[in-house]
Amino acid sequence: MKILIQLGLLFGVCILGDLVSFVLPFAFPGSVISMLLMLFLLLSGLMKESTIEESANFFLKNMTFFFIPFGVGILRYAALIRSVWWQLLVVNFVSLLVCFAVSSWTVVLVTRLQKLWGGRRNA
Amino acid sequence: MLEVLNTPLFGITLSIIAFRIGLWVNRKIKHPLANPLLIAMGLIAIILVVFDIPFDIYEKSSSVIGLFLAPITAVLAVSIYRQRALLKESLLPVLLGTLAGSVASLLSIRWTCNLLGLDQVVLASLMSKSVTTPIAIAITEQFGGIPALTVASTVISGTLGNLLAPLLAKMFFISDPVAHGVGIGSCSHALGTSKALEIGEVEGAMSSIAISLSGVFTVLLAPFFFL
Numbered sequence: 016m017k018i019l020i021q022l023g024l025l026f027g028v029c030i031l032g033d034l035v036s037f038v039l040p041f042a043f044p045g046s047v048i049s050m051l052l053m054l055f056l057l058l059s060g061l062m063k064e065s066t067i068e069e070s071a072n073f074f075l076k077n078m079t080f081f082f083i084p085f086g087v088g089i090l091r092y093a094a095l096i097r098s099v100w101w102q103l104l105v106v107n108f109v110s111l112l113v114c115f116a117v118s119s120w121t122v123v124l125v126t127r128l129q130k131l132w133g134g135r136r137n138a
Numbered sequence: 007m008l009e010v011l012n013t014p015l016f017g018i019t020l021s022i023i024a025f026r027i028g029l030w031v032n033r034k035i036k037h038p039l040a041n042p043l044l045i046a047m048g049l050i051a052i053i054l055v056v057f058d059i060p061f062d063i064y065e066k067s068s069s070v071i072g073l074f075l076a077p078i079t080a081v082l083a084v085s086i087y088r089q090r091a092l093l094k095e096s097l098l099p100v101l102l103g104t105l106a107g108s109v110a111s112l113l114s115i116r117w118t119c120n121l122l123g124l125d126q127v128v129l130a131s132l133m134s135k136s137v138t139t140p141i142a143i144a145i146t147e148q149f150g151g152i153p154a155l156t157v158a159s160t161v162i163s164g165t166l167g168n169l170l171a172p173l174l175a176k177m178f179f180i181s182d183p184v185a186h187g188v189g190i191g192s193c194s195h196a197l198g199t200s201k202a203l204e205i206g207e208v209e210g211a212m213s214s215i216a217i218s219l220s221g222v223f224t225v226l227l228a229p230f231f232f233l
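So the sequences go chain by chain: H and U.
Read left to right, the first sequence gives residues 16 to 138 (this note's numbering).
Read left to right, the second sequence gives residues 7 to 233 (this note's numbering).
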């Protein structure tokens, strides 16, 4: 029963997320709204982590399993993949380098600036 | 005979068996290229071809699994919540780092796609490929892309990130563990994060925070890069 209640709560939050997504004037995935709602519930203390712990752990640990049907869908697009396979690899590789460089260097620079300002304030 | 397979039970069971074998091979070989998702996908493809089962039957009978993407995305909140103390410590660098990473990722994907002459459907399928798969699929569906292509690309990005994580830090002169972790998580989600956890505790924690944050930023920003 405990797991059932947890799943019920979790699915309830997802339905709420879809509802908000439906009402919003712009397109925004309901699942991501559910995630933000869930985060709000946890941070505000309205929901305790222990209230959904087991089912959250189940989904977090076995997440990859749920992507299999989407992945197998690639069979339908075999011709497309064959025609653009090297472009896909190039896009993936280039954006990996750019994304890594930009995000990690932003962290380095922001950290340095913070130290600089913190240092001045303390001096 | 085929109608027996035309129930969700067939799709779920076949997927579980294939995933179990994928995990087993991954544990035996212990190499990021032996990705359990790729192995499971390949096994299912082989089984469908060998036993002459139409793809439609697997697709229909496994579609129920896709319904769980929403709760999976929702429980990502639990993993952010668990990292809240660490996130608070370096809130600004991590937030700005994942934000900048999301912009850089979207821009570079758009530019390289245009440069290589890929069409809008492919672009829509690749836009989100740096972020965690459940969010990436949601973005692809929003812009009319092909989810299968997104899954394949997230696996490629994740695997590349996993393989190259230590090298990337040297290439771009990153010595700060927080910066390294945020970089890995922003560009290669959970697959990269498993490597980040091997490199160090801070790297791993930062990388897992970056997964969800860059997912949210990419959802917010993607509409501006897909016009």
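Don't read these hints as lab results, they were simulated from the structure.
Glycine included, C-beta positions come from ideal geometry on N, C-alpha and C.
You may find that some hints are simply not true.
A few chain U residues that don't get close to chain H, going by computed Cβ distances all over 12 Å [what the hints assert, rightly or not]:
{"#": "1", "residue": "Leu8"}
{"#": "2", "residue": "Glu9"}
{"#": "3", "residue": "Arg26"}
{"#": "4", "residue": "His37"}
{"#": "5", "residue": "Phe57"}
{"#": "6", "residue": "Leu101"}
{"#": "7", "residue": "Arg116"}
{"#": "8", "residue": "Leu129"}
{"#": "9", "residue": "Ser131"}
{"#": "10", "residue": "Thr160"}
{"#": "11", "residue": "Gly164"}
{"#": "12", "residue": "Val184"}
The calculated lysine to any residue pairs, modelled on SDA-like cross-linking and capped at a C-alpha distance of 20 Å, are [unchecked claim]:
{"#": "13", "chain 1": "U", "residue 1": "Lys34", "chain 2": "U", "residue 2": "Ile18"}
{"#": "14", "chain 1": "U", "residue 1": "Lys66", "chain 2": "U", "residue 2": "Thr19"}
{"#": "15", "chain 1": "U", "residue 1": "Lys36", "chain 2": "H", "residue 2": "Lys130"}
{"#": "16", "chain 1": "H", "residue 1": "Lys76", "chain 2": "U", "residue 2": "Val55"}
{"#": "17", "chain 1": "H", "residue 1": "Lys130", "chain 2": "U", "residue 2": "Lys66"}
{"#": "18", "chain 1": "H", "residue 1": "Lys76", "chain 2": "U", "residue 2": "Leu97"}
{"#": "19", "chain 1": "H", "residue 1": "Lys76", "chain 2": "U", "residue 2": "Glu207"}
Verification of the supplied hints:
1. Remark: the non-interface label on U/Leu8 is consistent with the geometry, its nearest Cβ contact in chain H lying 17 Å away (cut-off 12 Å).
2. Distance check on U/Glu9: its Cβ is at least 20 Å (rounded) from any Cβ of chain H, clearing the 12 Å threshold; non-interface status holds.
3. A Cβ of chain H approaches the Cβ of U/Arg26 within 12 Å, the least distance being about 9 Å, so the stated non-interface status is violated.
4. For U/His37, the condition that its CB be more than 12 Å from all CB atoms of chain H holds, with the nearest at approximately 16 Å.
5. Non-interface status of U/Phe57 relative to chain H is upheld: no Cβ of that chain comes within 12 Å, the nearest being about 14 Å off.
6. Its closest Cβ contact with chain H, about 9 Å, brings U/Leu101 to no more than 12 Å, contrary to its assignment away from the interface.
7. Look at U/Arg116: its CB is around 9 Å from the nearest CB on chain H, not clear of 12 Å, so calling it non-interface is violated.
8. Against chain H, the non-interface label of U/Leu129 is violated: not every CB pair exceeds 12 Å, the least being about 9 Å.
9. The claim that U/Ser131 is not at the interface with chain H is violated, since a C-beta of that chain comes within 12 Å of its own (minimum 9 Å).
10. Taking the minimum C-beta to C-beta distance to chain H, about 8 Å, the non-interface status of U/Thr160 is violated against the 12 Å cut.
11. For U/Gly164, the condition that its CB be more than 12 Å from all CB atoms of chain H is violated, with the nearest at approximately 10 Å.
12. U/Val184, annotated as away from the interface, has a beta carbon of chain H within 12 Å; the closest lies near 6 Å.
13. For the hint pairing U/Lys34 with U/Ile18, the CA-to-CA distance comes to about 24 Å; that exceeds 20 Å, so the pair is violated.
14. Straight-line distance between C-alpha atoms of U/Lys66 and U/Thr19 comes to about 13 Å, which keeps the hinted pair within the 20 Å bound.
15. Restraint check: the Cα-Cα separation between U/Lys36 and H/Lys130 comes to about 41 Å, which exceeds 20 Å; the hinted pair is violated.
16. For the proposed pair H/Lys76 and U/Val55, the alpha carbon gap of about 30 Å is over 20 Å, so the pair is violated.
17. Between H/Lys130 and U/Lys66, the direct Cα distance comes to roughly 56 Å. Violation of the 20 Å bound is thereby established for this hinted pair.
18. Note on H/Lys76 and U/Leu97: the hinted pairing is violated, with a Cα-Cα distance of about 26 Å set against a maximum of 20 Å.
19. Proximity of H/Lys76 to U/Glu207 is assessed by CA-CA distance (about 19 Å); at most 20 Å being required, the pair is judged to hold.
Going down the numbered hints, you'll see the structure goes against 3, 6, 7, 8, 9, 10, 11, 12, 13, 15, 16, 17, 18, while the others check out.
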